[in-house]
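Novice: Keeping their order, the protein sequence lines are chains L and R. Start counting the first sequence at 1; every next residue gets the next number (the UniProt record's numbering). Start counting the second sequence at 1; every next residue gets the next number (the UniProt record's numbering).
These are calculated hints, taken from the structure and not from any lab test. Predicted, not measured: the structure shown is a model, and the values here were computed from it. Please note: incorrect hints may appear among the correct ones.
[To be verified] Once the Cα atoms are required to be at most 20 Å apart in a straight line, the calculated EDC-like pairs of lysine to aspartate or glutamate come out as: (1) L:K19 <-> R:E279; (2) R:K278 <-> L:E265; (3) L:K57 <-> R:E279; (4) L:K21 <-> R:E282; (5) L:K57 <-> R:E13; (6) R:K260 <-> L:E282; (7) L:K171 <-> L:E148; (8) L:K260 <-> R:E282; (9) L:K57 <-> R:D197; (10) R:K198 <-> L:E41; (11) L:K126 <-> L:E56; (12) L:K198 <-> R:E56; (13) L:K268 <-> R:E265; (14) L:K21 <-> R:E279; (15) R:K268 <-> L:E265; (16) R:K260 <-> L:E283; (17) R:K57 <-> L:E13; (18) R:K57 <-> L:D197; (19) R:K258 <-> L:E279; (20) L:K278 <-> R:E265; (21) R:K198 <-> L:E56; (22) L:K171 <-> L:D138; (23) R:K57 <-> L:E279; (24) R:K19 <-> L:D104; (25) L:K260 <-> R:E279.
[Claimed, not checked] Rough simulated footprint, nothing fancy, chain L against chain R, three-plus residues with beta-carbon under 8 Å: (26) 127–141; (27) 208–220; (28) 225–237.
[As the list claims (entries may be wrong)] Not the full set, but computed from the structure, chain L residues with beta-carbon under 10 Å of chain R: (29) R15; (30) S17; (31) K19; (32) F36; (33) P194; (34) Q221; (35) I224; (36) G230; (37) H267; (38) K268; (39) F271; (40) F276.
Even glycine gets a Cβ: it sits at the ideal position worked out from N, Cα and C.
2 protein chains.
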Amino acid sequence: MLNLWFTEEWTPECRFSIKIKEHFHTEKSPFQQLDFFDSYEFGKFFTLDGIMMANEKDEFVYHDMISHVALATNPNIKKVLVIGGGDGGTVREITRYSHIEKIDMVEIDERVVRLCQKYLVQTSCKLEDPRVNLYFQDGLKFVEDAKEKSYDLILVDSTDPIGPGEGLFTKKFYTNCFRALSEDGILINQHESPYFDKEAGQMKRAHKRIKDLFPISKVYQFHIPTYPSGHWLFGFASKKYDPIADHKPEEWEKFGLKTKYYNSEIHKASFALPTFVKEMLEESE
Amino acid sequence: MLNLWFTEEWTPECRFSIKIKEHFHTEKSPFQQLDFFDSYEFGKFFTLDGIMMANEKDEFVYHDMISHVALATNPNIKKVLVIGGGDGGTVREITRYSHIEKIDMVEIDERVVRLCQKYLVQTSCKLEDPRVNLYFQDGLKFVEDAKEKSYDLILVDSTDPIGPGEGLFTKKFYTNCFRALSEDGILINQHESPYFDKEAGQMKRAHKRIKDLFPISKVYQFHIPTYPSGHWLFGFASKKYDPIADHKPEEWEKFGLKTKYYNSEIHKASFALPTFVKEMLEESE
Numbered sequence: 001m002l003n004l005w006f007t008e009e010w011t012p013e014c015r016f017s018i019k020i021k022e023h024f025h026t027e028k029s030p031f032q033q034l035d036f037f038d039s040y041e042f043g044k045f046f047t048l049d050g051i052m053m054a055n056e057k058d059e060f061v062y063h064d065m066i067s068h069v070a071l072a073t074n075p076n077i078k079k080v081l082v083i084g085g086g087d088g089g090t091v092r093e094i095t096r097y098s099h100i101e102k103i104d105m106v107e108i109d110e111r112v113v114r115l116c117q118k119y120l121v122q123t124s125c126k127l128e129d130p131r132v133n134l135y136f137q138d139g140l141k142f143v144e145d146a147k148e149k150s151y152d153l154i155l156v157d158s159t160d161p162i163g164p165g166e167g168l169f170t171k172k173f174y175t176n177c178f179r180a181l182s183e184d185g186i187l188i189n190q191h192e193s194p195y196f197d198k199e200a201g202q203m204k205r206a207h208k209r210i211k212d213l214f215p216i217s218k219v220y221q222f223h224i225p226t227y228p229s230g231h232w233l234f235g236f237a238s239k240k241y242d243p244i245a246d247h248k249p250e251e252w253e254k255f256g257l258k259t260k261y262y263n264s265e266i267h268k269a270s271f272a273l274p275t276f277v278k279e280m281l282e283e284s285e
Numbered sequence: 001m002l003n004l005w006f007t008e009e010w011t012p013e014c015r016f017s018i019k020i021k022e023h024f025h026t027e028k029s030p031f032q033q034l035d036f037f038d039s040y041e042f043g044k045f046f047t048l049d050g051i052m053m054a055n056e057k058d059e060f061v062y063h064d065m066i067s068h069v070a071l072a073t074n075p076n077i078k079k080v081l082v083i084g085g086g087d088g089g090t091v092r093e094i095t096r097y098s099h100i101e102k103i104d105m106v107e108i109d110e111r112v113v114r115l116c117q118k119y120l121v122q123t124s125c126k127l128e129d130p131r132v133n134l135y136f137q138d139g140l141k142f143v144e145d146a147k148e149k150s151y152d153l154i155l156v157d158s159t160d161p162i163g164p165g166e167g168l169f170t171k172k173f174y175t176n177c178f179r180a181l182s183e184d185g186i187l188i189n190q191h192e193s194p195y196f197d198k199e200a201g202q203m204k205r206a207h208k209r210i211k212d213l214f215p216i217s218k219v220y221q222f223h224i225p226t227y228p229s230g231h232w233l234f235g236f237a238s239k240k241y242d243p244i245a246d247h248k249p250e251e252w253e254k255f256g257l258k259t260k261y262y263n264s265e266i267h268k269a270s271f272a273l274p275t276f277v278k279e280m281l282e283e284s285e
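Using the sequences and the accompanying hints, generate a full structural model.
Specialist: Here you go:
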């Protein structure tokens, strides 16, 4: 039997490997290398420049946690901007809220979107929703051009700050996000992992830049085993609402959404961070 | 340069690998295969039958979480039994409480203890504390012979339920723990991981057995990247105290212990479980 393994170097001295059933698509887009696989343990998944993006086994964790925390803090969010998110999973979760009026999704690489629509139908299944507008542009440029206060929520569903995702971790980008957000706007963004040095450094830099701009800036964590260390963070930045003080579990539960990771206790709990993570975030101040 | 890797099969289709500086000790004891390594990313670590037990980078997570949750629920714990825990890390944490009177540690394999004392001095550094009594015996037999109500806290710091650790996941063992615990006694035990099928099955079985015996039976989670999936659980079973309702953060903080993972917010938060984990635990009822 074919003994084929995909390996990701979490660090040069630590590797995570997945046995592959089939490597069924590979191509280079103008932006990056795209590869699609079927695997025994994680189902179908894809990588960008060799880095795991989403797999059928645990994408629910990431997409639950990027979406529902903001909607349970401000259930009146109407206009949403998703930056990146080519696999469609974030839009899938956001379209579950029938009261949301507009979802703009800006993905630099159309090939990611098209290939996920073809091959990763578990995540990319709601891009045809009439509220969704797809833009194949640079997210950095898109928010620069966006009208002031045009979104209630911006979700930065980006790759790591290397390659095409790099601009989405800059002060300029966060400044434009702030400008494009309504007076009670919320920004959720990749905060990487606190465990390995490389991601921890990225996390600290991202956090400092956001903290300097937004009145409320917090960090929350979750378990996603296929990302380096399995210990992953998102940033929650906001002009008005605090994710704990303004958490509205009763209102969120009225939406009646069935979720596999997120729930109202996890919402609160995910903002409680281990001491070493709190210290890292304080160092970044 | 030597290109040497230690690999653990988290499942037959998923591997975690660590680059090794030196494989400096190997032996077979009457119970298992013991190997000690030095690594680039995780410092020194050891394996039993090829399974990662403890490494210098993240053992603090495991040892914080096995120890302090019980002491912050009942700060008057005086008599502690550690079953397993040959690396000494659990005893290290427990000896930090000066009011604790007695710590019995029962490890089936004396070689684990002796080699960790020699090679893993970061964890095995408090076994000489005068309150510590070492017993090289089968933990199953030890609790069977223990006098009724002789411990306020039992910490089951065991290997997985395969090999020498197997008996420490049986109904007979938990029944004897119950008998050996004082009227306000607490039992903390390995609950494995909810992520991969094998560990999830072990978790469900362990949970059902304990739930049938103890009036209070909860599960809490933490991030430990070098265990399969990085998403790990302990069980908290108790005759009297609930880890949330009876949590005493002010009393615990008076102990003045500096911890790198555990803190009073993490205490509460770690009992909030993702929906898929809650459902697994309910299935086991």
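Novice: Confirm or reject each hint.
Specialist: Taking the hints in turn, this is what the structure says about them:
no. : hint              : in the structure
1   : L:K19 <-> R:E279  : violated, 28 Å
2   : R:K278 <-> L:E265 : holds, 11 Å
3   : L:K57 <-> R:E279  : holds, 16 Å
4   : L:K21 <-> R:E282  : violated, 33 Å
5   : L:K57 <-> R:E13   : holds, 13 Å
6   : R:K260 <-> L:E282 : holds, 14 Å
7   : L:K171 <-> L:E148 : holds, 17 Å
8   : L:K260 <-> R:E282 : holds, 14 Å
9   : L:K57 <-> R:D197  : holds, 12 Å
10  : R:K198 <-> L:E41  : holds, 12 Å
11  : L:K126 <-> L:E56  : holds, 16 Å
12  : L:K198 <-> R:E56  : holds, 19 Å
13  : L:K268 <-> R:E265 : holds, 10 Å
14  : L:K21 <-> R:E279  : violated, 30 Å
15  : R:K268 <-> L:E265 : holds, 10 Å
16  : R:K260 <-> L:E283 : holds, 15 Å
17  : R:K57 <-> L:E13   : holds, 13 Å
18  : R:K57 <-> L:D197  : holds, 12 Å
19  : R:K258 <-> L:E279 : holds, 12 Å
20  : L:K278 <-> R:E265 : holds, 11 Å
21  : R:K198 <-> L:E56  : holds, 19 Å
22  : L:K171 <-> L:D138 : holds, 16 Å
23  : R:K57 <-> L:E279  : holds, 17 Å
24  : R:K19 <-> L:D104  : violated, 44 Å
25  : L:K260 <-> R:E279 : holds, 9 Å
26  : 127–141           : violated (count 0)
27  : 208–220           : violated (count 0)
28  : 225–237           : holds (count 4)
29  : R15               : holds, 4 Å
30  : S17               : holds, 4 Å
31  : K19               : holds, 4 Å
32  : F36               : violated, 17 Å
33  : P194              : holds, 9 Å
34  : Q221              : holds, 7 Å
35  : I224              : holds, 9 Å
36  : G230              : holds, 3 Å
37  : H267              : holds, 8 Å
38  : K268              : holds, 7 Å
39  : F271              : holds, 8 Å
40  : F276              : holds, 5 Å
Hint violations for this structure: numbers 1, 4, 14, 24, 26, 27 and 32, all remaining hints satisfied.
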